[in-house]
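2 protein chains.
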Amino acid sequence: MKIGFIGFGEVGSTLARSFKLEGVKVYTSLEGRSRRTIKLAKSSGVNICPSFRQLADISDIILVAVTPAQAVKAAKVIGKNFKGLYVDLNNISPSTVRDALQKVSEAKTVDAAIMSSINKGMNVPVVASGKHARDFAELNSLGMNIEIVGDKIGQASALKMLRSAYTKGVSALLFESLSVAYQMEVDDLVLKYLAETEGPNFKEIAVSRIINSILHGERRTQELEEVLNFLSEYEDPLMTQATLDLFRLIVNQGGHLKKKPNNYHKLFLKMSR
Amino acid sequence: MKIGFIGFGEVGSTLARSFKLEGVKVYTSLEGRSRRTIKLAKSSGVNICPSFRQLADISDIILVAVTPAQAVKAAKVIGKNFKGLYVDLNNISPSTVRDALQKVSEAKTVDAAIMSSINKGMNVPVVASGKHARDFAELNSLGMNIEIVGDKIGQASALKMLRSAYTKGVSALLFESLSVAYQMEVDDLVLKYLAETEGPNFKEIAVSRIINSILHGERRTQELEEVLNFLSEYEDPLMTQATLDLFRLIVNQGGHLKKKPNNYHKLFLKMSR
Chain A
66 MKIGFIGFGE VGSTLARSFK LEGVKVYTSL EGRSRRTIKL AKSSGVNICP
116 SFRQLADISD IILVAVTPAQ AVKAAKVIGK NFKGLYVDLN NISPSTVRDA
166 LQKVSEAKTV DAAIMSSINK GMNVPVVASG KHARDFAELN SLGMNIEIVG
216 DKIGQASALK MLRSAYTKGV SALLFESLSV AYQMEVDDLV LKYLAETEGP
266 NFKEIAVSRI INSILHGERR TQELEEVLNF LSEYEDPLMT QATLDLFRLI
316 VNQGGHLKKK PNNYHKLFLK MSR
Chain B
66 MKIGFIGFGE VGSTLARSFK LEGVKVYTSL EGRSRRTIKL AKSSGVNICP
116 SFRQLADISD IILVAVTPAQ AVKAAKVIGK NFKGLYVDLN NISPSTVRDA
166 LQKVSEAKTV DAAIMSSINK GMNVPVVASG KHARDFAELN SLGMNIEIVG
216 DKIGQASALK MLRSAYTKGV SALLFESLSV AYQMEVDDLV LKYLAETEGP
266 NFKEIAVSRI INSILHGERR TQELEEVLNF LSEYEDPLMT QATLDLFRLI
316 VNQGGHLKKK PNNYHKLFLK MSR
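As given, the protein sequences belong to chains A and B, one line each in that order.
Okay, so the first sequence: first residue is 66 according to the numbering used here, each after it adds one.
Okay, so the second sequence: first residue is 66 according to the numbering used here, each after it adds one.
Do not rely on the hints blindly, as some may be mistaken.
Said to hold, decoys possible - Reference excerpt, derived from the structure (chain A facing chain B, CB under 7 Å, subset only):
1. VAL89
2. GLU96
3. ILE113
4. CYS114
5. ILE123
6. ASP125
7. ILE213
8. VAL214
9. LEU227
10. SER242
11. GLN248
12. VAL255
13. ALA260
14. TYR299
What the hints assert, rightly or not - Covered by chain B, according to a simulated footprint, are these stretches of chain A (three or more residues, beta-carbon under 8 Å):
15. 158-167
16. 232-241
17. 300-312
Everything labelled a hint here was simulated from the structure, so no lab data went into it.
The C-beta atom is built at its ideal place from N, Cα and C for all residues, glycine as well.
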């Protein structure tokens, strides 16, 4: 079996190295890729195709892990040349997945989403949906950890985005309630009383959410914009709009701690201690 | 020691009965009270004062547990006649507590909040703040469960309201994410994946939050209005405004399930099974 990769960042390179160790022939193309990607690909010892057209010709399975903005373009580049299994692992909304997969209309297509940090390696939990998700899940025999979550394209991406809407919303709630609590000198007590209803690890998780929301505020704001677009197709996403607005406050008002810290950042500074 | 009660609903009557069993002399006044309160007071065997003026004369401690709308009025009725310990147990915002306690300027005042269901009896967790909170906490020797949370009036009420902002916000996030998940047939999976980050009891708590938010939607909406007023003094409460808006949707659009159920109510119906 030959597996082709489009996108050779963290996700692509981690999976490619793991498959190679399992004896699978692994390919990518560096056509138009960034210097960093080229370096990563060459150092990993993966086979390099001169063009995506040739990558499509040689691969049985193509795994795509590019930035959200490149997802549709990647599918377009492969186009109708590919008749194997095309798996979209990108961090994009269900409708963007559908847009992308329509471009590879001759392939068997799978919507997939990585549900945890790729640092876990090939064993990272992955969800997959679509009529051909079962074909993708056969890679579990090589050490992947794929769960089939439905037979419709979009369900896997939806699952990831909905989890994201919830967890980022919780982070925003923590900022809103704890920043006032901090001003009133009851933040430790609010955490203590919430732990009684929310579970024993609540405080630890809450502190890490506050710290990570500040440290990765810009990326989360971008992700929230994508989540908001998705939810807007189904309802008026009141909470996610507020979450996005609050993350924008964190990103802009705080100025990454270079400016005078506002109350959200005072909270961050206390929690970071 | 003589304890006077203003307000003789669930909270007042439960505490009064418990104190009586401990051998404390317990008083209330039925001046201008509702028929239900009069009935409760008479059946509990508490001593009845003809007026609040006499209640103030005879009591060492006055515990006040009335509806939010009556809290300031109750303090006004007692006025400057009382020089004992006046404990505000009402479910009101810090600034309303301060408004109320200014009316009893000769008394030693305490801000207190009941943190769980009064069905637990006298042992229900209570938080208290203010310079005289320690005096109130002496009632722990009789079986109360009072924690002192600060020396400022407003801190105890703030603690309760901030917990409320967080937990009701979480309920709103559950409605927003799970109603779309339900439409996409991935609601069970969203709950499953969230349980991995949010803790083992997550699903059970989430289901009970959805059910109770619908069943007690009107009361929660009123509570959220009070919480929103409080937070607005400190920040732009983006999340709590969205939470209130979402609860208003639940209350109005759903029409308590008499009308055609919307997606929030479809979710409720599934979770209630």
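Here is what the structure says about each hint:
Evaluation of the A/VAL89 hint against chain B yields a violated restraint, the C-beta minimum of about 28 Å exceeding 7 Å. For A/GLU96, the interface hint is violated, the least distance from its beta-carbon to any beta-carbon of chain B being 35 Å, above 7 Å. The beta carbon of A/ILE113 comes no nearer than 36 Å to any beta carbon in chain B, farther than 7 Å, and the hint placing it at the interface is violated. At about 35 Å, the closest approach between the beta carbon of A/CYS114 and any beta carbon in chain B exceeds 7 Å, and the interface hint on this residue is violated.
Annotation: A/ILE123 was flagged as interfacial toward chain B, and the flag is violated, the nearest CB pair being 35 Å apart, outside 7 Å. Contact between A/ASP125 and chain B, as hinted, is not supported at the beta carbon level, the nearest pair being about 28 Å apart and thus beyond 7 Å. Interface hint at A/ILE213: violated, since its Cβ lies 10 Å from the closest Cβ of chain B, which is beyond the 7 Å cut-off. Here the hint on A/VAL214 is kept, as its CB sits about 5 Å from the closest CB of chain B, short of 7 Å.
Restraint check, A/LEU227 versus chain B: the minimum CB separation of about 5 Å is within 7 Å; hint holds. The criterion of a C-beta within 7 Å of any C-beta in chain B is met by A/SER242, whose closest approach is roughly 5 Å, and the hint holds. Using the Cβ-Cβ criterion of 7 Å, the hint placing A/GLN248 at the interface with chain B is satisfied: the shortest such distance is roughly 6 Å. With a cut of 7 Å, the hint placing A/VAL255 at the interface with chain B holds, because the nearest CB-to-CB distance is about 5 Å.
The interface hint given for A/ALA260 is broken, as the beta carbon of that residue sits about 11 Å from the closest beta carbon of chain B, more than 7 Å. Hint status for A/TYR299 relative to chain B: holds, with the closest Cβ pair at about 5 Å, below 7 Å. Only residues whose C-beta sits within less than 8 Å of a C-beta in chain B count toward coverage, and the stretch 158-167 of chain A has 1 of them, not enough to reach three; the restraint is violated. Remark: the stretch 232-241 of chain A is confirmed as covered by chain B, as 7 of its residues place a Cβ nearer than 8 Å to a Cβ of that chain, reaching the required three.
Residues of the stretch 300-312 of chain A lying with their CB closer than 8 Å to a CB of chain B number 10, which satisfies the three-residue condition for coverage.
The earlier numbered hints that this structure contradicts are 1, 2, 3, 4, 5, 6, 7, 13 and 15.
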